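Enquirer: Letter by letter, the chains look like this.
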Amino acid sequence: MSASPKADRIVRVASGQGFWGDWLEAPRRQVEGGPVDYLMLDYLAEVTMSILQKQKERDPAMGYARDFIGAMESVLPAVVDRGVKVIANAGGVNPVSCAHAVLEVARQAGAAGKVKVGVVTGDDLLPRLDELIASGHGLTHMETGEPLSAVRDRVLSANAYIGSTPIVEALARGANVVVTGRSTDTALTMAPLRHEFGWGATEWDKLAAGIIAGHIIECGAQCSGGNCLYDWRNIPDLANIGYPIVEARADGTFTVVKHPNTGGRINVPSVTEQCVYEMGDPHSYITPDVVADFTTIHLAADGPDRVRVYGIKGRPATDKLKVSIAYRAGFKAVGTLVYAWPDAMDKAQLADRVLRERLDRMGLRFDQLLTEFVGVNATHGPLAVSSGEAQEVQLRVGVRSPDRKAVERFTREIAPLVLNGPPSVTGFAGGRPKVEEIVAYWPALVDKSVVQTSVEVLS
Amino acid sequence: MKVRLVDIAHARSGDKGDTANVGVIALKPEWYPFISERLTRDRVRAHFAGVITGDVERFALPNLNALNFLLHGALDGGGTLSLKTDAQGKVFSTALLRMVLDVPDDEARTLGLPAARP
Chain C
1433 MSASPKADRI VRVASGQGFW GDWLEAPRRQ VEGGPVDYLM LDYLAEVTMS ILQKQKERDP
1493 AMGYARDFIG AMESVLPAVV DRGVKVIANA GGVNPVSCAH AVLEVARQAG AAGKVKVGVV
1553 TGDDLLPRLD ELIASGHGLT HMETGEPLSA VRDRVLSANA YIGSTPIVEA LARGANVVVT
1613 GRSTDTALTM APLRHEFGWG ATEWDKLAAG IIAGHIIECG AQCSGGNCLY DWRNIPDLAN
1673 IGYPIVEARA DGTFTVVKHP NTGGRINVPS VTEQCVYEMG DPHSYITPDV VADFTTIHLA
1733 ADGPDRVRVY GIKGRPATDK LKVSIAYRAG FKAVGTLVYA WPDAMDKAQL ADRVLRERLD
1793 RMGLRFDQLL TEFVGVNATH GPLAVSSGEA QEVQLRVGVR SPDRKAVERF TREIAPLVLN
1853 GPPSVTGFAG GRPKVEEIVA YWPALVDKSV VQTSVEVLS
Chain U
351 MKVRLVDIAH ARSGDKGDTA NVGVIALKPE WYPFISERLT RDRVRAHFAG VITGDVERFA
411 LPNLNALNFL LHGALDGGGT LSLKTDAQGK VFSTALLRMV LDVPDDEART LGLPAARP
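Line by line, the protein sequences are chains C and U. Residues in the first sequence are numbered consecutively from 1433, following the working numbering. Residues in the second sequence are numbered consecutively from 351, following the working numbering.
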């Protein structure tokens, strides 16, 4: 086949949000700092859906990532005037309400009619859970093999991870903003590439390349100098960090870049760190669209703050989808106090013994009671090495129990230690620790045929 | 002589359920074969004894000069259940880099490995 004039065409997908709570400045900086075609915003982590489900129970119009509405306000001029398209899994458990909120942003800005919002639904399995179990889908825990019936009455949310196909459909139908529920993080990047380059659903290597492009930029600045251990002292201007952009080509190769005049750093080590982040078996990175092989990723320096990625191979997708189920799993609380020199560690250890004895005498029982000494061993436990006397130590005690009352009683036992425990104690200004309900995560698989996604384009 | 892993590799870690993963990357490509040979599954399992409750899996990514270790039973049942400061396994990376390796002097010289500071 002769080279088509489009062979050199580049599509730019920018990452503007790596999780719900990421830098509010990033989306606007990505659309204003240089040319981009798509802005990709990832809002969902494993338990985010359950938080959103609780919000929707309180108010049926909620249940999506509200930060996204602010992001849309900040990037709307780029969407309306320069044709930048936005793809986000901000819809959570209520993508339709989210889409209407986006349309309202457009209307208030006098841009109604210039924004078409594609809404992807069908990932929410909560209303169908009993029907699925009854028809033989056990939704057994992927690691423990337990059937879901063990926690069925405590389930808060259940969503299938869906792939790129419905997003591609929304783009093909003219949407310039696409809102999904529990799409995979990587599909948000791969879908626009599939749409732009017309990749077929069985072009496994190209699809895998799109997925790996998505993996590299889905955590925002974590591939462009943020949280980068390699040569961290010399990474320039983190205050002005540039979020990553993928410059993709039709053949599946791409280059990871950032806008000029931004801080941070994109080099082979920074991208490699992100490649291995949250990795399981690198031969089989399973997504709804394709199984990507991370052992085929090749990275090459391509000038300052540019890394070229090539050689990626993929294999056919499986016939299953992963399901993310969240369920109530008891209560927890964490309390802290700070002990000062001299003998800070000895004082903190004595306070811990006193606290434990009091809890024990009250007959309070916990599934777990964990003590850490921050400044000494909290992050590396028994691997930590003492390097001289600590100047201060934070005592940090956490408890977990199915019994909310026991956890509440624990939270009342921290402050008294200030006056009736060991000396040189401070740092209790935050007040009583909060009791948190624990939402635990239950990963399962379901047959693909069970999940029917649908796409609506609203304007 | 003694060589600290932190002087010859960098790393990043994350969580998936009750498993933490640590990706370890050679600081120089020529050090990767040495790191790959020394960081066996058994060696890493022994390093994390008393820290994790489950087994260790090991995968090689020679294309990235990297190894990936899955540390099972690392997070007290999983990120949201865990009471730990590091409930999401973010700093298992540098915990692994605490490892110190005994290397014959001539091998260390040939590879240009930096000696551990006393």
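For the record, the hints were derived by calculation from the structure and aren't laboratory data. Values in this document were obtained by computation on a predicted structure and should not be read as measured data. All C-beta atoms, glycine included, are put in the ideal place defined by N, C-alpha and C. It is possible that some hints are incorrect.
Label-pair restraints from in silico Cβ distances [claimed, not checked]: (1) E1869(C) with K378(U): 46 to 52 angstroms; (2) A1493(C) with V401(U): 44 to 50 angstroms; (3) K378(U) with D1778(C): 58 to 64 angstroms; (4) P1467(C) with K378(U): 31 to 37 angstroms; (5) V401(U) with D1713(C): 21 to 27 angstroms; (6) R1785(C) with V401(U): 21 to 27 angstroms; (7) L461(U) with I1442(C): 39 to 45 angstroms; (8) L461(U) with T1858(C): 58 to 64 angstroms; (9) P1668(C) with D456(U): 37 to 43 angstroms; (10) A410(U) with G1570(C): 31 to 37 angstroms; (11) R1785(C) with L461(U): 47 to 53 angstroms; (12) K1866(C) with A410(U): 29 to 35 angstroms; (13) D1751(C) with D456(U): 36 to 42 angstroms.
Coverage of chain U stretches by chain C, computed from C-beta distances (three or more under 8 angstroms per stretch; other residues unrestricted) [what the hints assert, rightly or not]: (14) 356 to 362; (15) 409 to 418; (16) 425 to 431; (17) 434 to 441; (18) 451 to 465.
Sample of chain C residues with no beta-carbon within 10 angstroms of chain U, all distances over it, derived [said to hold, decoys possible]: (19) H1532; (20) G1632; (21) M1777; (22) Q1800; (23) S1818.
Enquirer: Okay, which hints does this one fail, numbers in order?
Expert: As far as the earlier hints go, 3, 8, 12, 13, 18 and 22 are violated by this structure, in ascending order.
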